[in-house]
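*Asks:* Residues per chain, in single letters:
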Amino acid sequence: MTRLGMVIDLSRCVGCGACAFACKAENNTRTRGSGQSYNWGDFLIRTEGRFPNVTHQVMPVMCNHCSDAPCVKECKAKPSPHKAMYKTPEGITMHDPALCIGCQRCQEVCPYSSEQLGMPSLDGSSYSVISFNYDDEPTQPEWADKKAAIPGCTASGAETAAKAGAPVPAMSQWTAGDLQPIRKDGVVEKCTFCYHRTLNGLQPACVEVCPSQARIFGDQDDPKSRISQVLASQKSFRLLEEKGTKPNVHYIGKYSPRA
Amino acid sequence: GCAMLPRAPLHSALVPYKAKPSSPAQGEWVASTCQGCTQWCAIEIFAQNGRAVRVRGNQASKSNHGYVCPRGHMIPQQMYDPDRIKGPMKRTNPVKGRGIDPKFVPITWDEALDTVADKMIELRKAGETHKLVYLRGRYSSTSTELLYGTLPKVFGTPNYFSHSAICAEAEKMGPGLTQGFFGYRDYDLEKTNCLVAWGCDPLASNRMVPNAIHRVHEIAKRGTVIAVDPRLSNIGTKAHEWLPVNPGTDGALAGAMAHVLLTEGLWNRDFVGDFKDGRNQFVAGKAVDEAAFVEKETHGLVKWWNLELKDRTPAWAEKETLVPAAQIVRVARTMGKAAPKTVVWMGPGVAMNPRGTYAAMAVHALNGLLGSIDVEGGVWQSPTGPKLGSFPKADAYVDEQAKKAAANKKLDGRGAKDMPAMMGARPGSGVVTNNVANGMLKDPGAVKVMIASWANFNFSCTGADRWDKAMAKVPFFVHMVPNPSEMTQFADIVLPSTFNSAEGWSIITNMANGYAYAAIQQPTVKRLWDVKQEETEVMWLLAEKLKAKGFPNLFDYYSKEFKDPETGKAPATAMEFSAIATKMSSAPIWAAKEALPGDAPIKGWAEFRKKGMFSGARYPLKKNWGGKFATATKKFEFYSETLKKGLLEHAKKYETTPDDILAVSGYLARGELAFVPHYEAPKRHGSVQDYPFAFVDYKSRLNREGRSANLPWYQEFKKVDPGDVSWNDVVKMNPADGEKLGLKSGDTVRITSPAGAIVTQLRLWEGVRPGTVAKCYGQGHWAYGRVAAKDYAKAIPNGANNNELLVDDYDRLSGSTARNGGFTGVRVQKV
Chain A
1 MTRLGMVIDL SRCVGCGACA FACKAENNTR TRGSGQSYNW GDFLIRTEGR
51 FPNVTHQVMP VMCNHCSDAP CVKECKAKPS PHKAMYKTPE GITMHDPALC
101 IGCQRCQEVC PYSSEQLGMP SLDGSSYSVI SFNYDDEPTQ PEWADKKAAI
151 PGCTASGAET AAKAGAPVPA MSQWTAGDLQ PIRKDGVVEK CTFCYHRTLN
201 GLQPACVEVC PSQARIFGDQ DDPKSRISQV LASQKSFRLL EEKGTKPNVH
251 YIGKYSPRA
Chain B
1 GCAMLPRAPL HSALVPYKAK PSSPAQGEWV ASTCQGCTQW CAIEIFAQNG
51 RAVRVRGNQA SKSNHGYVCP RGHMIPQQMY DPDRIKGPMK RTNPVKGRGI
101 DPKFVPITWD EALDTVADKM IELRKAGETH KLVYLRGRYS STSTELLYGT
151 LPKVFGTPNY FSHSAICAEA EKMGPGLTQG FFGYRDYDLE KTNCLVAWGC
201 DPLASNRMVP NAIHRVHEIA KRGTVIAVDP RLSNIGTKAH EWLPVNPGTD
251 GALAGAMAHV LLTEGLWNRD FVGDFKDGRN QFVAGKAVDE AAFVEKETHG
301 LVKWWNLELK DRTPAWAEKE TLVPAAQIVR VARTMGKAAP KTVVWMGPGV
351 AMNPRGTYAA MAVHALNGLL GSIDVEGGVW QSPTGPKLGS FPKADAYVDE
401 QAKKAAANKK LDGRGAKDMP AMMGARPGSG VVTNNVANGM LKDPGAVKVM
451 IASWANFNFS CTGADRWDKA MAKVPFFVHM VPNPSEMTQF ADIVLPSTFN
501 SAEGWSIITN MANGYAYAAI QQPTVKRLWD VKQEETEVMW LLAEKLKAKG
551 FPNLFDYYSK EFKDPETGKA PATAMEFSAI ATKMSSAPIW AAKEALPGDA
601 PIKGWAEFRK KGMFSGARYP LKKNWGGKFA TATKKFEFYS ETLKKGLLEH
651 AKKYETTPDD ILAVSGYLAR GELAFVPHYE APKRHGSVQD YPFAFVDYKS
701 RLNREGRSAN LPWYQEFKKV DPGDVSWNDV VKMNPADGEK LGLKSGDTVR
751 ITSPAGAIVT QLRLWEGVRP GTVAKCYGQG HWAYGRVAAK DYAKAIPNGA
801 NNNELLVDDY DRLSGSTARN GGFTGVRVQK V
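Residue numbers (this note's numbering), protein chains in the order written: chain A, 1 to 259; chain B, 1 to 831.
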């Protein structure tokens, strides 16, 4: 069997944000709105201690592609042939918007998601790896906006998109049968381990761009893979392991040498 | 219960199904250069159907290892910013001021450039060409040569000013006055065992960010990372030791560290030398006989000890710096033991303050003591990269009128008695960017036509309101800029610029990780708007207009002297001029007759465009050892004969003494102390009683040279700046201070300094020193676009601009603008 997973080395990570930007660029995720971040990759940030004995730690977070995924188990979409949220033979927790009924049950049951994000998500205290596109709302509002700052002189989102020749001017136009490069309204969306890349021999966008090479992606069931060797030789942990979801995103190392 | 019953067993949900076939985006990686910070990384932009999609480091780069920092990833967003100016515009409201709608209307390039040329011809006719001022906000080989270097010279004005002195120039005085290198250093991080990031955050700014991110974890693993910064920076979060120095007292901390290194015998003997009898005579409080010590690569160690260091004990320093003496000793020992593979990476936090030259010298001099200069794992000068092609000389096109006008006094006051501005140790040679506004306010008739490109001094200069006042009085202002910035609001004509990383032509040079390189900027994707590159396309078209109106010199120079290095063809259009200039600049790389040191030879222009960069040979170790430093003594000077020579020259010009010059320029040292690195108590605007907090200004890791606040991703991920909150612009205060003042996180507060007041949200955060408040620079735009400004039409800012708070002051020895070192006191009150 194949069991794709990721290791994030916190001792290498400097919390720069490049992974999250690359994710947004690759997957054309929209800007925050309606209590949804649309950040398939995000950060959990924590400052601890009293001055001057302070530590500040950043932990990149994303869909954990759990082996025992509550989002899959609890998906309310009628299986035809599979549910909207389903597992692939490679271990990816995959989403098919064509089958999604937009019930947001996955957000509710996922330990790493919530249906609504409040203020704490803005300072890194909370996050949601699953986001929802509300019914009858534009899913790329920035590029639907027809207003201009200086009418007649500056552009607008809609004009920029039209001139560029894509619904999102910088759109990464990959092709896919399940999850499309841009989502429609009334469905959830989340990380797919960049399945359109990884099932075609490329690394996920977040892995490819990391300037400290803090991320290792690969098959945990292949004893020769780097990921399985790292996991075998180093102490690792997973987020909310006690929930029993068997996440496939692992963390090694300490972010702060003072922690 | 029932949840289990009618449905299939739960596990069946987890039976895998194959995803339908997919394929990654098809397109090509096109080489270009990021100018989101001053590292100027060689990059590649993924272009799909003529659109910019994604960005990565140039895969051949030895300086960024094929990676960009988060800034690079924002290039497509900046390219497709919906608030970009689509075509030229003109002002229809003659009244100018902050918050006054210019009532811009679109015009053609023809009309725009006709108007500009008419105004310039008026100056020629009136013999007032020196009343043309040009302000520059970005660099490249082409912009430096073809606009900054040519337009003022051929037209005839001494008044052209670069933005450089508002950023970090003062730090160059540290290496400059000690080792004769007035530049940004390189660091051998691959081999460094102890990294001291001092007054800078290499994981976020201060150049070479991708290299620092690539290397810091290795250093932390094999050695020690130390951060000196009053606020918890990114490097502070990754450091073994954080020294939250009292702002402005870096010179005291450096002095105490030097004191420890000397008294404990931890200086590097290979570089510095030793006592004749081998016995360490550096004892606290005791002067040493100069004759007892024999120096090797250095000059004046004992003088430095006797004049400054002998009394700089850690206990003394603790009182000034508020860093515990025990920590000072511990850190100094760590640095000494790892020497010479110890890097003291000094940045603007040390130097960009009113007495910053001496702090910069004090901190950089530690590298001399540690012997890390030019050695493996140490601090290097710039490596040598490929030489760029020079452009033909314009001298023959400079007429008598222009020559005469160029002799007029510059508006920035450089070289005045109280503004030595001695970059390169040459008095009057450094630009004093921020003083231009003062010059304009003093003499409102001095400027009749102003042209600026990419500059936004109404936002980016301290004492920002002075620029609002000064710009409101400029009779005719032309702004070349991609977005309607603050400065644009004062423009009469707006000429929309290309966004050069994706749309422009140029050659950019820089260095990091032991290699200097040249990298191309080329049109990677389709231009959406009627925009033109300022130094080539706009200059060509403007020169054409000037010629039609009776001043042919500029056009004759551009059109007769420039030739395509491949075909010998002269440019016939603005676009051809742009491409030919870039080819001429890079030709020594791709048309080299013999292989150049460094990368594999590049054969021809097409291959250069494809590869996009060329790196020179690796930096040679001990390059300046053996008496080859560019100082007065050819040695590394702990006693700066170089500074002495410069100061004496400046004093002579005013028939006075260096002591008098230092007094009028606001420095405390007198006599011999002026020539050694030493501690000067920080200058502070605003009494501690009225303004109890020292204001700490710093840079965001997402600031694309202050031009990214209009991008949603900047706002969304602002939290990656430690202590910051996304979609917000918080000022950070220590919770202990918050408790005293009855303030809590989320409160809206007014911050008041002697220069002004700003209103923003407060966040109590443990990462700031009590008695200071810290706030990131980059937001508080009242223009620029609809994300950066809360209400663009009403000029209501989103957040608050630190520069409205910071007092207009200078490190006068370098001419740099003060923005660090807690030199501005503030009070914080709930609104």
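Be aware that one or more of the hints could be misleading.
To be verified - Cut-off 30 angstroms, straight-line C-alpha distance, at most; resulting in silico cross-link-like pairs (DSSO-like, lysine-lysine):
id, chain 1, residue 1, chain 2, residue 2
1, A, 163, B, 526
2, A, 184, B, 18
3, A, 246, B, 18
4, B, 404, B, 103
5, A, 147, B, 18
Everything labelled a hint here was simulated from the structure, so no lab data went into it. Predicted model, so just to flag it, every value in this text is computed and none were measured.
*Asks:* If a hint holds in the structure, say so; if it does not, say that too.
*Replies:* Verification of the supplied hints:
no.	hint	result
1	163/A with 526/B	holds (10 angstroms)
2	184/A with 18/B	holds (22 angstroms)
3	246/A with 18/B	holds (21 angstroms)
4	404/B with 103/B	violated (38 angstroms)
5	147/A with 18/B	violated (43 angstroms)
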